[in-house]
Structure formats: C-alpha cells, structure tokens
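Undergrad: Listed here are the chains, written in short residue letters.
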Amino acid sequence: MRFTQAPIRNRAGAVLAECGRTVLVTGRSLMLFPCILFNRECRRAFFEQLYTAGIRSLPVATVVALFTGMILSLQLGIAFRQFSQELMVAYTMSFTMFREMGPFMTGIILASCVGSAMAAQLGAMTVNEEIAALEMMGIDPVRFLVVPRLWAMAVMAPLLSFYICVVAFCGGALVGSTQLNLPFLQYMSEVVRVAEIKDLYVGLFKAILFGIMVSSVSCVIGFSTRQGAVGVGASTRRSVVVSFLVILIGGYFVTRFFYVF
Amino acid sequence: MSSESVILLDNAVMAFGGRRVLNGLTADIRKGEIFVIIGPSGTGKSVTLKLISGLLEPTAGRVTVLGEDVNALSDAALSAHRRRIGYLFQSGALLGWKTLAENVALPLLEHGRIPPGEIDRRVAAVLEEVGLGASGELYPAEVSGGMIKRAGFARAIVEDPELLLFDEPTSGLDPVMSRVIDRLIASISRARGVTCVVVTHDLAGALQYADRIAFLKEGRFLETASPEALLKTRTPDIRAFLDAQFVGGTYGR
Numbered sequence: 001m002r003f004t005q006a007p008i009r010n011r012a013g014a015v016l017a018e019c020g021r022t023v024l025v026t027g028r029s030l031m032l033f034p035c036i037l038f039n040r041e042c043r044r045a046f047f048e049q050l051y052t053a054g055i056r057s058l059p060v061a062t063v064v065a066l067f068t069g070m071i072l073s074l075q076l077g078i079a080f081r082q083f084s085q086e087l088m089v090a091y092t093m094s095f096t097m098f099r100e101m102g103p104f105m106t107g108i109i110l111a112s113c114v115g116s117a118m119a120a121q122l123g124a125m126t127v128n129e130e131i132a133a134l135e136m137m138g139i140d141p142v143r144f145l146v147v148p149r150l151w152a153m154a155v156m157a158p159l160l161s162f163y164i165c166v167v168a169f170c171g172g173a174l175v176g177s178t179q180l181n182l183p184f185l186q187y188m189s190e191v192v193r194v195a196e197i198k199d200l201y202v203g204l205f206k207a208i209l210f211g212i213m214v215s216s217v218s219c220v221i222g223f224s225t226r227q228g229a230v231g232v233g234a235s236t237r238r239s240v241v242v243s244f245l246v247i248l249i250g251g252y253f254v255t256r257f258f259y260v261f
Numbered sequence: 001m002s003s004e005s006v007i008l009l010d011n012a013v014m015a016f017g018g019r020r021v022l023n024g025l026t027a028d029i030r031k032g033e034i035f036v037i038i039g040p041s042g043t044g045k046s047v048t049l050k051l052i053s054g055l056l057e058p059t060a061g062r063v064t065v066l067g068e069d070v071n072a073l074s075d076a077a078l079s080a081h082r083r084r085i086g087y088l089f090q091s092g093a094l095l096g097w098k099t100l101a102e103n104v105a106l107p108l109l110e111h112g113r114i115p116p117g118e119i120d121r122r123v124a125a126v127l128e129e130v131g132l133g134a135s136g137e138l139y140p141a142e143v144s145g146g147m148i149k150r151a152g153f154a155r156a157i158v159e160d161p162e163l164l165l166f167d168e169p170t171s172g173l174d175p176v177m178s179r180v181i182d183r184l185i186a187s188i189s190r191a192r193g194v195t196c197v198v199v200t201h202d203l204a205g206a207l208q209y210a211d212r213i214a215f216l217k218e219g220r221f222l223e224t225a226s227p228e229a230l231l232k233t234r235t236p237d238i239r240a241f242l243d244a245q246f247v248g249g250t251y252g253r
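If you're matching them up, the sequences are chains U and P in order. Read in order, the letters of the first sequence correspond to residues 1 to 261 in our numbering. Read in order, the letters of the second sequence correspond to residues 1 to 253 in our numbering.
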C-alpha cells in the first residue's frame, strides 16, 4: 500500500478510495498482531497507546458516565414514580447501559479524545513527510503506527465500556438513594440481578468494534492529510465526524444482528 | 563515475488532476554521478525525486532505478528496493518522539539484521561524520534546523545506500552549514561511489560538487550539462536563473 499519493480530485472517487483504504488498513492491522509480541518498537508503542486510550481517558469517562447515569435515573425515576415502579429505574438502566449506552459512550469518548489526537498526529507526520520517510526506510507505516493504536483501542474499549457502565450505575444509584427513595444497595443489586450475560457480551463486542473502527478511521484520515496546518485541522475534525457516523451506523447493525435475527 | 545506468527516466509524465507537473521527463543518471536538478520553484523538482524513490507513480512513462522498474514492483519488493536508497527530505522528516540517535538507528533496528552493539557503533560513526557526535541524545525539538538536516543526512546514509536523493539539502541553513552539507555530499559520493541526485536552488553549492546539472522547466529538462558548460549557456531561461545568483563576481549565496 502506498501512502504518498497524488490527491484524487473527484470527490466521490476520493471517498471510495478512503473507504477501501480503511478496510485494507483494518484487515492488515488485525493480521499484524504478532508484531506486538515480537517487535520491540511495536510493543513499546502498544503499551504507550494503552495508557493514552485507557488511563488518560478515565477522567472524562468518569465525569460523563457519572452524570449520564444521574440524568437517566432522574428522568426514568420521574416517569416510573407515577406508577410507583421506582425499581424499574435500575432494571431499565441495566440493559440500557450494558447493551447500548456503555459502548456508545465509550466510542464517542474515544473518538473525540483519542481518535482526534491520532488523526492530528498522523496528519502532521504526513505533511512533514515523516510517513514518506518511514516508507523510504522500508518501514511499513501500518505496522509501525496503526497496529499499536488499533490493538490498544481494541483492548481498552471494552474495559472502558465496562467501567463507564459501573460508574453510570453508581451515579444512578446516587440519584435513586437521594431523590427516588431507592436504597443504594437495592438499586445496585437490581442492576446485577436483571443483567443478562448476552447484554454484557454484546456490549463488550460493540465496544471492541467501535475501538477498532475509530482507530482505523482516524489513522486513515490522518494519512490522507494534505495542505499543512489547515489540512491537519480539517483531518482532526473529519475523523471525529466520521467516527461518530460509523459508531451510530455500526451500532444499529450490531444491535439488529444480535437482537432481531 | 562508470557508464552503468542507475536511474533511467523514460518520458515520465506526472499529472495532479488535470495539471501536468512533469511533461515527458527523460534522463539517464550513471553510477557514482552527482546529478543536480535546478530550476524555478514549482516546476516539479521534488516530484522528480518522489518518482525516482517510488513514492509517487508516474501518470505515464517508465522509471527504472537500480535496474528495477519501480512501478512494476510489488509492495514487499518496493519496500526492499527502497532500502538501497537513502533520502534526505527537505524538512529532515525526523520522528519527534525519538532522539537524533534513535532516529538514525531506526532503519537498522527495524530491519533487525545487525546486532545491537554494531548498531550503536554504526550510529555513533555516522553522527560523528555529520558533526553530531555529541548531540545524539537530544530530541528534534531541542536542536536547530541545521542539526535536524544533518541528522536526516546521517539517517539517509546509515544503511550504506547505493543511491542518495537530496531534496533541498541546504535550504534554510546558514552559509557555513550549507558548505558543511555540500562537502558531505561530495565526500560521501566520492568515497563510497554512491550515486547522488540533488534538488537545490543553491547554485554555489551545486557548482562545487555536481558532475552534471539539469535545468528543469515546465516539466522537462531544458538542458543537462557539466557545471562549466552550463555556466556558458545561452538559453535565456537558464541564463536568467544563473544571473540572478551572480553576485560580486561569483555565484554566491
């Protein structure tokens, strides 16, 4: 795969070429997993990306998850209180978070915090000819740059998704205990009781998928950057927008696949 | 210099969208030669280097480098082929998160055929050669543009390439540092018999080390000649280019 390419003027052609490259880069990165085990540089970059994608996303993830849990519980509580069914708040929260909101929020946080940084970094490297320099040294930019990022996101996304669910339940239980007359422990035990193993694994699968999609989309958009600093800014914005679209569309089809068929 | 061809450009055309940058470029660059490409900005000098290196595919025509048709090579073969070529980019193109020494060591480490002790020895030797013996542990953000260029130079030669490509090796450098780079190009080529293709606006440097100078205009080599012959040319475009750099009785910077 050649990374230094003449730009395609035809807009539809450029979009199609980028879709094709994303598929190729994703497939190649997944197949190149052994590099993380056997290549020292790749392994070092992988651990660095684990820290970036996972640990550095925790503060944002915690605040977003806590308040999302609180808002959802409050709104659901207001509705269910009319029917004296406050415990249904925990039930609804359980499957909503595990099935949809957990992985969805993970994808959104990763796209905006991590994917955008990937697109900006690789974009800056592209316009500074660092990607071309790697190619000239006979170093595959996919193996050197994308593989550690993609696999770190694939590993961290499900963990982050599970963490977001737990924090959201805590936020919900806090609202339950202070405003809905639902004891904290009763709320939490209801969440665990109604949780199905399928909800958990489908949610984690979605998170892995979103992690992979966000990283490959961001990297490919970074590689396609042109026109200096303006191009880097445009790539960063585009990576966030495209990642959001991919998460929404991909999320729908995964839900349909697991819960309709 | 031998008569063996290292680079053959056969009617190479490069178009971006509807705009033709190279318009039937033809050249035969021989082993051990220092071939300099000069010309006005935007005439496709850097694009020519990218065609030779296989970073860009020509829209039409053939590019044969070190006996291989660059565009007929598979990805793996092209990657192996590029390891025979050193490339100094205009910006130096060092990786910002690595020290100068790590940048230079990168190709050796990645190809994993040399023991670590030998890599350290070789990196120290090339850094010394470009005058960066004491700066290997610094990061690109901590050093000047000239030092980045020299580190890029060291990285280009660390694998003992058969062909070296230089994209504006002295742009943005002071005259003293430009002379250092000029001397390095000449000494590397003469000492190791490496073929060099240099894209530059720096006529004074080019006149020092070039075997042949080609003037690129509107996507074609208007004239290719020895430095002495080029200075006597009557072609108006080249004359204007040369005269613009003629200051105080010499072609200076």
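Simulated from the structure, these hints should not be mistaken for laboratory data. Check the hints yourself; a few may be wrong.
[As the list claims (entries may be wrong)] Far from chain P by the CB rule (all over 10 Å, computed), these chain U residues:
(1) Asn128
(2) Met188
(3) Thr255
[As the list claims (entries may be wrong)] Calculated lysine to any residue pairs in the SDA-like style (CA-CA distance at most 25 Å, straight line):
(4) P:Lys98 <-> U:Leu66
(5) P:Lys98 <-> U:Asp140
(6) P:Lys98 <-> U:Tyr201
(7) P:Lys98 <-> U:Thr52
(8) P:Lys98 <-> U:Asn39
(9) P:Lys98 <-> U:Ile197
(10) P:Lys98 <-> U:Tyr51
(11) P:Lys98 <-> U:Gln85
(12) P:Lys98 <-> U:Val127
(13) P:Lys98 <-> U:Ala124
(14) P:Lys98 <-> U:Gln179
(15) P:Lys98 <-> U:Arg44
(16) P:Lys98 <-> U:Gln82
(17) P:Lys98 <-> U:Arg43
(18) P:Lys98 <-> U:Tyr163
(19) P:Lys98 <-> U:Glu196
All values reported here derive from a predicted model rather than from experimental measurement. C-beta: ideal position from N, C-alpha, C; glycine also.
Undergrad: Has the given pair, Lys98 of chain P with Gln85 of chain U, been kept, meaning a C-alpha gap of at most 25 Å?
TA: Not satisfied, since the Cα-Cα distance of roughly 60 Å exceeds 25 Å.
Undergrad: Taking only the CA atoms, is the gap from Lys98 of chain P to Ala124 of chain U under or equal to 25 Å?
TA: holds (16 Å)
Undergrad: Does Lys98 of chain P pair with Arg43 of chain U here, judged by a C-alpha cut-off of 25 Å?
TA: Judged against 25 Å, a Cα distance of about 15 Å means the pair holds.
Undergrad: When you check the alpha-carbon spacing of Lys98 of chain P and Val127 of chain U, does it fall within 25 Å?
TA: holds (18 Å)
Undergrad: Quickly compare the C-alpha distance for Lys98 of chain P and Tyr51 of chain U to 25 Å and report which way the hint goes.
TA: Holds: Lys98 of chain P and Tyr51 of chain U sit about 18 Å apart, inside 25 Å.
Undergrad: Is the straight-line distance between the alpha-carbon of Lys98 of chain P and that of Asn39 of chain U 25 Å or less?
TA: Measuring from Cα to Cα gives roughly 17 Å; hence the hint holds.
Undergrad: Against chain P, does Met188 of chain U hold up as non-interface, every C-beta pair farther apart than 10 Å?
TA: Label holds. Min Cβ-Cβ 43 Å, cutoff 10 Å.
Undergrad: Is it true that the CA of Lys98 of chain P sits at most 25 Å from the CA of Glu196 of chain U?
TA: violated (47 Å)
Undergrad: Between Lys98 of chain P and Gln82 of chain U, does the CA-CA distance stay at or below 25 Å?
TA: violated (62 Å)
Undergrad: Holds or violated: Lys98 of chain P and Ile197 of chain U, Cα atoms, limit 25 Å.
TA: Roughly 45 Å between the alpha carbons, so the hint for Lys98 of chain P and Ile197 of chain U is violated.
Undergrad: Are Lys98 of chain P and Gln179 of chain U close enough, with their CA atoms no more than 25 Å apart?
TA: violated (54 Å)
Undergrad: Run the C-beta distances from Asn128 of chain U to all of chain P and say if the shortest one exceeds 10 Å.
TA: violated (5 Å)
The structure fails hints 1, 4, 6, 9, 11, 14, 16, 18 and 19 (numbered hints given earlier, in ascending order).
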